[in-house]
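Undergrad: From first to last, the protein sequence lines stand for chains A and B.
Heads up, the first sequence is in UniProt numbering, so the first residue is 1 and it goes up one at a time.
Heads up, the second sequence is in UniProt numbering, so the first residue is 1 and it goes up one at a time.
Keep in mind the hints are simulated off the structure, nothing from the lab.
Hints may be right or wrong, so weigh each one.
Chain A is faced by these chain B residues, among others (derived, beta-carbon under 7 angstroms) [as the list claims (entries may be wrong)]: (1) A10; (2) L30; (3) Q32; (4) Y33; (5) L104; (6) G198; (7) A200; (8) E259.
The beta carbon of each residue, even a glycine, is placed where N, CA and C say it ideally should be.
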Amino acid sequence: MSTADLPDLAPFEQAAAKRTEATTGGETQLVTPGEPITSNTAFMRGHGTYVEEGVVISALAGVVERINKLVTVRALKARYAGEIGDVVVGRITSLAEKRWRVDLNSRQNGVLALSSINLPGGVQRRKSESDELRMRTFFAEGDLVVAEIQSLYGDGAIAIHTRSLKYGKLRNGTLVTIPPALVQRSRTHFYAIPCGVDVILGLNGYIWVSKHVDPQAIEANPEEVYSNVNDPITAEERTNVARVANCIRALSRQFIHIHDTAIVYAYEASLRFPISDLVTDSVSSEIAMEVRAKLQS
Amino acid sequence: MATTGLISPAEINYIREGFAVGIRADGRALRQYREYLLGLDVISHSSGSARCRIGFGTDVLVGVKVEVSNIEPGEVPNRGKVVCNVECSPSTTQNWDSRAADELNNELTQFLHRCLNDYDGIDLEKLCIIPNQSCWILYVDALVLDFGGNLYDTLLMAVRAALFNTRIPKVHIEETGDDGEKEFDVIDDPEEAEPVPGWADVPLAVTLNWANQTYFVDASEMEEHCTDAKLTVTVNKNGHICAIQKSGLGAIPQKVYPEMLTVRIRQEWGVPLALWP
């Protein structure tokens with residue numbers, strides 16, 4: 001057997017090298033643990049770095065950030081640290097007294113208090129003991145919710161609320177998980193992509209991709225807020241949802257910030273490829289190149 | 001990425017309805033594997049190693065260590081040994097607490113043990129050095145670093161690649177006495193080492209998942225939550241079925257078995273030629 005027949009000996013290293021190459025084109029400097037950042041003594045070491053023999057070295061895999069003379073490294077795959085007002089997507093993990101615990105891709109579980117939800121039908125009243133007994137009819141374990149951060153506890157734990165018709169239980173789609181660093185805060189996190197797909201960009205890196213539902217239809221039917229049943233979904237809607245979801249995966253694989261314009265560009269660039277190929281290294285880098293070019297123009 | 005192991009009813013419905021129309025949540029066809037990365041010789045101190053990562057999810061690292069072992073009285077006098085161990089890293093998913101992880105480790109270890117010992121795979125008789133006295137022992141250790149569905153197939157792919165990568169030193173056997181007593185020296189020269197006899201006959205696995213009256217391959221983690229039953233079929237390079245294992249609580253109708261058992265490794269996986277001659 002000749003070496004030519006052998007599969008690649010180091011595909012992991014190669015893939016990593018390719019990704020670094022693609023991202024160092026701009027101003028961002030990606031580093032790995034142990035990589036020297038600078039030997040210039042004028043710089044001060046910040047979070048995620050240490051000094052050895054006068055050289056500032058990265059302690060994390062992430063992006064180098066310089067604020068005046070302070071050099072810090074922000075980890076690429078750090079867990080999500082919330083801020084009040086952030087839109088997040090979470091998954092209910094358990095029920096406790098008058099509250100739900102929610103997985104928010106954060107260091108610890110978030111809390112959704114019974115008093116922080118809307119009752120079906122938009123009834124305005126204090127939550128009673130009978131509401132507490134039927135908490136599982138609102139949210140059960142495993143359910144996905146979109147919510148807003150209401151407050152932060154002293155230890156960094158997050159409390160969320162769903163007291164708006166925008167927020168609540170998620171249906172008709174699929175969840176995509178990406179590093180939270182790739183989602184930036186913006187005016188809105190609810191997007192309707194022109195191909196008939198809705199995207200909710202949770203700042204915690206959980207992204208909900210679903211078929212488009214008219215917001216007026218939700219307002220007209222407030223009883224359905226806690227429904228577990230999907231609307232009928234056509235094959236076309238299903239393929240579009242899959243394509244948008246894979247576009248987001250492709251962008252995140254290439255470390256491109258996820259926002260509506262990037263998604264639309266990626267969607268347009270993806271149309272000549274089969275959906276399942278979008279997440280492969282070769283196709284995703286090709287799409288990333290097109291998206292980067294369009295974003296800069 | 002670590003997940004909670006939970007899924008909502010709406011997601012289950014979405015994924016299962018997708019099977020019915022043949023469009024999966026990630027756009028794949030029902031019988032389409034995800035892209036996989038295979039790396040060889042990733043552990044320098046082992047006799048052979050490989051790492052297989054499928055769809056940026058399941059990640060399995062396998063190391064093979066070859067050592068000389070004694071054949072104890074009562075053991076088969078002219079066969080080498082293969083000892084398997086599979087361990088799931090607790091960081092892979094939150095829902096594998098220590099007991100669930102132990103059970104899974106046992107299940108996978110047993111599965112691998114049966115795949116490597118109970119049929120004409122590795123030529124165990126060629127692993128014998130001196131009958132009744134010494135043989136080679138192959139320690140096959142697998143570590144599951146990350147979980148994203150389809151563990152069995154990924155595990156066997158990594159194990160097969162690691163065995164392909166393994167080299168066993170040559171031995172020099174001498175007769176020392178008149179009574180036929182033998183001694184041997186292990187030749188340290190790495191150039192003199194030989195491949196594992198019969199590595200090419202080690203099978204690969206294709207797991208067929210039964211859900212919503214149809215079946216599909218290479219389930220992602222979320223798809224595994226929506227699966228009624230699983231049928232793991234291992235096939236060797238001659239296209240012969242080596243083992244079938246059914247798991248999961250659901251039932252698979254008898255009439256679809258013949259169709260499910262027509263799996264062809266090359267077609268399903270798209271395996272590189274060097275690994276699947």
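Undergrad: For each hint, tell me whether it holds in the structure or not.
TA: Here is how each hint holds up against the structure:
no.: 1; hint: A10; in the structure: holds, 4 angstroms
no.: 2; hint: L30; in the structure: violated, 11 angstroms
no.: 3; hint: Q32; in the structure: holds, 6 angstroms
no.: 4; hint: Y33; in the structure: violated, 10 angstroms
no.: 5; hint: L104; in the structure: violated, 21 angstroms
no.: 6; hint: G198; in the structure: violated, 15 angstroms
no.: 7; hint: A200; in the structure: violated, 10 angstroms
no.: 8; hint: E259; in the structure: violated, 23 angstroms
Hints 2, 4, 5, 6, 7, 8 from the earlier list are contradicted by this structure; the remaining hints agree with it.
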